[in-house]
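Chemist: If you want the building blocks of each chain, they are given just below.
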Amino acid sequence: RKEVEQDPGPFNVPEGATVAFNCTYSNSASQSFFWYRQDCRKEPKLLMSVYSSGNEDGRFTAQLNRASQYISLLIRDSKLSDSATYLCVVNRGNDYKLSFGAGTTVTVRA
Amino acid sequence: GAVVSQHPSWVICKSGTSVKIECRSLDFQATTMFWYRQFPKQSLMLMATSNEGSKATYEQGVEKDKFLINHASLTLSTLTVTSAHPEDSSFYICSARGFSNQPQHFGDGTRLSIL
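Protein chains in written order, with my numbering: chain A, 1288 to 1397; chain B, 10 to 124.
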């Protein structure tokens, strides 16, 4: 079983729509959770950390469910510039090393 | 925000050549740097972790004699792919972290193509 699993998508949504997707992780000892954004053929960029109580950053909302070991990302009022691959990233338990999902591709159309 | 620079961004070379990739943290001291590899449509895979002034630790299945890592200062780590072959063609990305509770910041990646 992969350490981090994501629905690869693609999620094709019109501008202004809301899109949400999850990832699951296998290591129950993981303590740090992140969403990164990766544009085509570029490096990942940190979108937001995910906290236990859930957190929001502008149009982006992240939730963590430790019991079920999944993390979600919701994007409201989608913009064309939100088109990217979103990587779910989890640390390996007590280790500071990170495990990456293969990414969920989102395409926002005009 | 934190900036990590990676050089070169694109390399094309013949089989058997050794290629060195540099990773620099430009505005912070990176106590730990990480090297990843990403094949098309796959997730980033951690290759090795390097702490300044000590030997790198390699993930299972990564040959340390093939992928030489040097982290001689708090702002520079290098990855040398020795005697590269076509199967080593990939996107190599470094990341750097200051302190243990800080997120990793990624370099802009090096696309390596071995002919």
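Source of the hints: derived by calculation from the structure; they are not laboratory data. Given the structure is predicted, the values throughout are model-derived calculations rather than measurements. All C-beta atoms, glycine included, are put in the ideal place defined by N, C-alpha and C. One or more of the hints may lead you astray.
[Unchecked claim] Computed footprint of chain B on chain A; a stretch qualifies when at least three of its residues, placed anywhere within it, have a C-beta under 8 Å from a C-beta of chain B:
{"no.": "1", "region": "1297 to 1305"}
{"no.": "2", "region": "1353 to 1365"}
[Unchecked claim] Straight-line alpha carbon distances no greater than 30 Å define the calculated DSBU-like cross-link-like pairs of lysine-lysine that follow:
{"no.": "3", "chain 1": "A", "residue 1": "K1384", "chain 2": "A", "residue 2": "K1289"}
{"no.": "4", "chain 1": "B", "residue 1": "K73", "chain 2": "A", "residue 2": "K1366"}
{"no.": "5", "chain 1": "A", "residue 1": "K1366", "chain 2": "B", "residue 2": "K75"}
{"no.": "6", "chain 1": "B", "residue 1": "K75", "chain 2": "A", "residue 2": "K1384"}
{"no.": "7", "chain 1": "A", "residue 1": "K1329", "chain 2": "B", "residue 2": "K23"}
{"no.": "8", "chain 1": "A", "residue 1": "K1289", "chain 2": "B", "residue 2": "K73"}
{"no.": "9", "chain 1": "B", "residue 1": "K29", "chain 2": "B", "residue 2": "K50"}
{"no.": "10", "chain 1": "A", "residue 1": "K1289", "chain 2": "A", "residue 2": "K1332"}
{"no.": "11", "chain 1": "B", "residue 1": "K73", "chain 2": "A", "residue 2": "K1384"}
{"no.": "12", "chain 1": "B", "residue 1": "K29", "chain 2": "B", "residue 2": "K75"}
{"no.": "13", "chain 1": "B", "residue 1": "K73", "chain 2": "A", "residue 2": "K1329"}
{"no.": "14", "chain 1": "A", "residue 1": "K1289", "chain 2": "B", "residue 2": "K50"}
{"no.": "15", "chain 1": "B", "residue 1": "K29", "chain 2": "B", "residue 2": "K73"}
{"no.": "16", "chain 1": "A", "residue 1": "K1332", "chain 2": "B", "residue 2": "K29"}
{"no.": "17", "chain 1": "B", "residue 1": "K64", "chain 2": "B", "residue 2": "K29"}
{"no.": "18", "chain 1": "B", "residue 1": "K64", "chain 2": "A", "residue 2": "K1332"}
{"no.": "19", "chain 1": "A", "residue 1": "K1289", "chain 2": "B", "residue 2": "K23"}
{"no.": "20", "chain 1": "B", "residue 1": "K23", "chain 2": "B", "residue 2": "K73"}
{"no.": "21", "chain 1": "B", "residue 1": "K75", "chain 2": "A", "residue 2": "K1332"}
{"no.": "22", "chain 1": "B", "residue 1": "K64", "chain 2": "B", "residue 2": "K75"}
{"no.": "23", "chain 1": "A", "residue 1": "K1329", "chain 2": "B", "residue 2": "K29"}
{"no.": "24", "chain 1": "B", "residue 1": "K73", "chain 2": "A", "residue 2": "K1332"}
{"no.": "25", "chain 1": "A", "residue 1": "K1332", "chain 2": "A", "residue 2": "K1366"}
{"no.": "26", "chain 1": "B", "residue 1": "K75", "chain 2": "B", "residue 2": "K23"}
{"no.": "27", "chain 1": "A", "residue 1": "K1366", "chain 2": "B", "residue 2": "K64"}
{"no.": "28", "chain 1": "A", "residue 1": "K1366", "chain 2": "A", "residue 2": "K1329"}
{"no.": "29", "chain 1": "A", "residue 1": "K1329", "chain 2": "B", "residue 2": "K50"}
{"no.": "30", "chain 1": "A", "residue 1": "K1366", "chain 2": "B", "residue 2": "K23"}
{"no.": "31", "chain 1": "B", "residue 1": "K64", "chain 2": "A", "residue 2": "K1329"}
{"no.": "32", "chain 1": "B", "residue 1": "K50", "chain 2": "B", "residue 2": "K73"}
{"no.": "33", "chain 1": "B", "residue 1": "K29", "chain 2": "A", "residue 2": "K1366"}
{"no.": "34", "chain 1": "A", "residue 1": "K1332", "chain 2": "A", "residue 2": "K1384"}
{"no.": "35", "chain 1": "B", "residue 1": "K64", "chain 2": "A", "residue 2": "K1384"}
{"no.": "36", "chain 1": "B", "residue 1": "K23", "chain 2": "B", "residue 2": "K50"}
{"no.": "37", "chain 1": "B", "residue 1": "K50", "chain 2": "A", "residue 2": "K1384"}
{"no.": "38", "chain 1": "A", "residue 1": "K1329", "chain 2": "A", "residue 2": "K1384"}
Chemist: Next step is simple, just say for each hint if it's right about the structure.
Modeler: Here's how the hints hold up against the structure:
no., hint, in the structure
1, 1297 to 1305, "violated (count 0)"
2, 1353 to 1365, "violated (count 0)"
3, A:K1384 <-> A:K1289, "holds, 15 Å"
4, B:K73 <-> A:K1366, "violated, 44 Å"
5, A:K1366 <-> B:K75, "violated, 43 Å"
6, B:K75 <-> A:K1384, "holds, 21 Å"
7, A:K1329 <-> B:K23, "holds, 24 Å"
8, A:K1289 <-> B:K73, "holds, 24 Å"
9, B:K29 <-> B:K50, "holds, 25 Å"
10, A:K1289 <-> A:K1332, "holds, 22 Å"
11, B:K73 <-> A:K1384, "holds, 18 Å"
12, B:K29 <-> B:K75, "holds, 12 Å"
13, B:K73 <-> A:K1329, "holds, 26 Å"
14, A:K1289 <-> B:K50, "holds, 15 Å"
15, B:K29 <-> B:K73, "holds, 14 Å"
16, A:K1332 <-> B:K29, "holds, 24 Å"
17, B:K64 <-> B:K29, "holds, 17 Å"
18, B:K64 <-> A:K1332, "holds, 27 Å"
19, A:K1289 <-> B:K23, "violated, 34 Å"
20, B:K23 <-> B:K73, "holds, 21 Å"
21, B:K75 <-> A:K1332, "holds, 28 Å"
22, B:K64 <-> B:K75, "holds, 15 Å"
23, A:K1329 <-> B:K29, "holds, 19 Å"
24, B:K73 <-> A:K1332, "holds, 28 Å"
25, A:K1332 <-> A:K1366, "holds, 18 Å"
26, B:K75 <-> B:K23, "holds, 16 Å"
27, A:K1366 <-> B:K64, "violated, 45 Å"
28, A:K1366 <-> A:K1329, "holds, 19 Å"
29, A:K1329 <-> B:K50, "holds, 13 Å"
30, A:K1366 <-> B:K23, "violated, 42 Å"
31, B:K64 <-> A:K1329, "holds, 28 Å"
32, B:K50 <-> B:K73, "holds, 25 Å"
33, B:K29 <-> A:K1366, "violated, 39 Å"
34, A:K1332 <-> A:K1384, "holds, 17 Å"
35, B:K64 <-> A:K1384, "holds, 16 Å"
36, B:K23 <-> B:K50, "holds, 25 Å"
37, B:K50 <-> A:K1384, "holds, 21 Å"
38, A:K1329 <-> A:K1384, "holds, 21 Å"
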